[in-house]
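Q: Below are the chains, spelled out letter by letter.
Protein chains: 2
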Amino acid sequence: MLETTPVMDPMSASLRPRESRRGRRTAVTLNHVAAAAQVSPITVSRALNAPEAVSETLRERINAAVEALGYVPNRMAGALASAKTRVIPVIVPSLSNVVFVEVIEGIQETIEAAGYQMLLGSTDYDLDREAALASTLLGWAPPGVLLAGLRHLPRTTTLLKNADVPVVEFMEYGARCIDMNVGLSHVQAGAAMAAHLLARGYRRIGFVGTRMCGDYRARQRYDGMRRHIAEMGGASDVLFEYPGGPGQDVGWHALGDILQTHPDVDALFFANDEMAVGAVLRAQRDGIAVPGRIAIAGFNGLPMSALVTPSLTTITSPRKQIGEQAAAMLLSRIDGRCPPQRRIDVGFVLQPRSST
Amino acid sequence: MLETTPVMDPMSASLRPRESRRGRRTAVTLNHVAAAAQVSPITVSRALNAPEAVSETLRERINAAVEALGYVPNRMAGALASAKTRVIPVIVPSLSNVVFVEVIEGIQETIEAAGYQMLLGSTDYDLDREAALASTLLGWAPPGVLLAGLRHLPRTTTLLKNADVPVVEFMEYGARCIDMNVGLSHVQAGAAMAAHLLARGYRRIGFVGTRMCGDYRARQRYDGMRRHIAEMGGASDVLFEYPGGPGQDVGWHALGDILQTHPDVDALFFANDEMAVGAVLRAQRDGIAVPGRIAIAGFNGLPMSALVTPSLTTITSPRKQIGEQAAAMLLSRIDGRCPPQRRIDVGFVLQPRSST
DNA sequence: CTGAAAGCGCTTACAG
DNA sequence: CTGAAAGCGCTTACAG
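One line per chain: the protein sequences are A and B, in this order.
Everything in the first sequence is counted per the numbering used here, starting at 593 for the first residue and increasing by one.
Everything in the second sequence is counted per the numbering used here, starting at 593 for the first residue and increasing by one.
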């Protein structure tokens, strides 16, 4: 008998949750379980966190009590006491973009397999919100942080550096990162598409995007394209920016608009496949020849790019792999191991198809 | 001077985080801030959580110290002490399905505006994982829980009922819910589409889905369709189930397959728009007349359904609204208010277009 | 293999 | 408006 209170029946009323002294409803705690199993609380803790350290007899008694009382450990108390959380914050600009969702899936699968949980935050392409999110999420004392992009407010960077936990910035690959980095060079991707379009003989090339301030990676693709065109000579570029989210409807309307206002444009590189597919569907409905009258290219390599007629030239990015690698790097550092590389360029593949 | 330690300079070494007695690295805590601002810890806590309760002089001194030390409050300690968390778990079957993402966005916007954060968990359509997730997430002592669907394992239901926090089950509308419910009747939606197809003269109607065990809402649409067809007489149905995720490629392949193996089928109701669009694109490429040779219908009312040629007949579900309403109901209960209704049927709209 | 003590960093009453 | 004491539910050393 470890408790002074006589314990007759593991389910006796005295072991049930009750009002605490401070007047709030208390759930079943470790102590209730300990009393029910007639062991000390530490033994219950061990039976749950390191079962092999407890004798089989006690372990069984404890598990039975856990079951009987419906005990759910309070993670907050555990995390506070041990200074360890198994929750990893993941910060992305948007969830409505399939691309981020696929990266997130890669992250989720990887960290979940290692026993971690994801705390997802979306910034809606707002760097102030990103800073606020980072601050709040760090308040949960996470073992590491995953965040999209390499551009942040100075205070975000400071916060993350001071937090003294591993950080992986994913999506684009670049020279300066807070800690670790996985992604691809969007400037190179833009240049690669420019090279492709020039090689196929297009000379007046438009780039179509939405909210290019926030989505600076699209801007980088445009910059890469523009620079390459300028370097090669003999061709020119135009930038088209439309309001709204980067959906198919924007591509649909953009095609009609551009053909009217800029009839000299002979090729369009869209900021993503969705818009590009929207443009292809519009061309189809209106009987506009693609690529005869105008060529269309996308970015991301979504499955649908291969299904439209004509099939869409695009650049495939290894999205899920980015998520997996980012998570793997983070986990290895959390475990105190040193990842083979601090920065990984996952690259991209240009898929020339019928639309160019 | 409230501390016995003489405090000369707010940034003096003695106020900096140091190794604690238990040997682990300690971050800046409330006590560091209190010492730096020369007030008691409770006052700091108040200045942060209820600024109006603290005099302006102290508030300014405290805020300066917070800034100078880069203090980030430990949410776990706060939550443990106050028995309140501002994190709400959201459990969904999948993130790769746009539909859930839109619901999640509605939830996120609503709860974030109220100062809560979302802890997202994905079950991958596995009820065992759902139970495990629910258990873990409840360990964070959340003020409420949002989860997709009305079908769960008995132990999940028990867990959530015992947790004694408000719960909203969203996506489908049904008679039995744990606590509150927002959604639409998928049986009715299936019946509505069947009625539409019968009215247009189709007599051999196929339903095309993937993983119909897990995605039981698709199954419910099929059941609704099947029942309605049976009731009306004069027509018949077939169920086609394909492996893999419910993407455009599945619709693309399904169309080719079904036309060969079941040439008598004259209309197809797909489990979602993505598959249906895949089928339309396939028909387009192969020159199959839609709806002449075969009619095609989808479900969800995604923007792209309006852009393909022929435009796709579909059923629009108010996805974002489901998220918003689910979150609003939960919040009102968290605040101790009683939501106007415990169950909300958000309904759906059948959009007859050219593909049928 | 098992336990008594102390503490994680905050907040809730209760005083003044 | 401000503070000293106690406690939230767990875990980490330290003993035996």
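Errors might be hidden in some of the hints.
Mimicking DSSO-like on lysine-lysine, the simulated pairs with C-alpha atoms at most 27 Å apart in a straight line are [said to hold, decoys possible]:
# : chain 1 : residue 1 : chain 2 : residue 2
1 : B       : 676       : A       : 676
2 : B       : 912       : A       : 912
3 : B       : 676       : B       : 753
4 : A       : 753       : A       : 676
Bear in mind the hints are in silico, worked out from the structure with no lab data behind them.
Q: Hint by hint, say whether it matches the structure.
A: Evaluated hints:
1. B:676 x A:676: Roughly 20 Å between the alpha carbons, so the hint for residue 676 of chain B and residue 676 of chain A holds.
2. B:912 x A:912: holds (26 Å)
3. B:676 x B:753: Answer holds: residue 676 of chain B to residue 753 of chain B is near 19 Å, not above 27 Å.
4. A:753 x A:676: With Cα atoms ~19 Å apart, residue 753 of chain A and residue 676 of chain A stay inside 27 Å; holds.
Consistency with the previously given hints is maintained throughout, with no hint failing.
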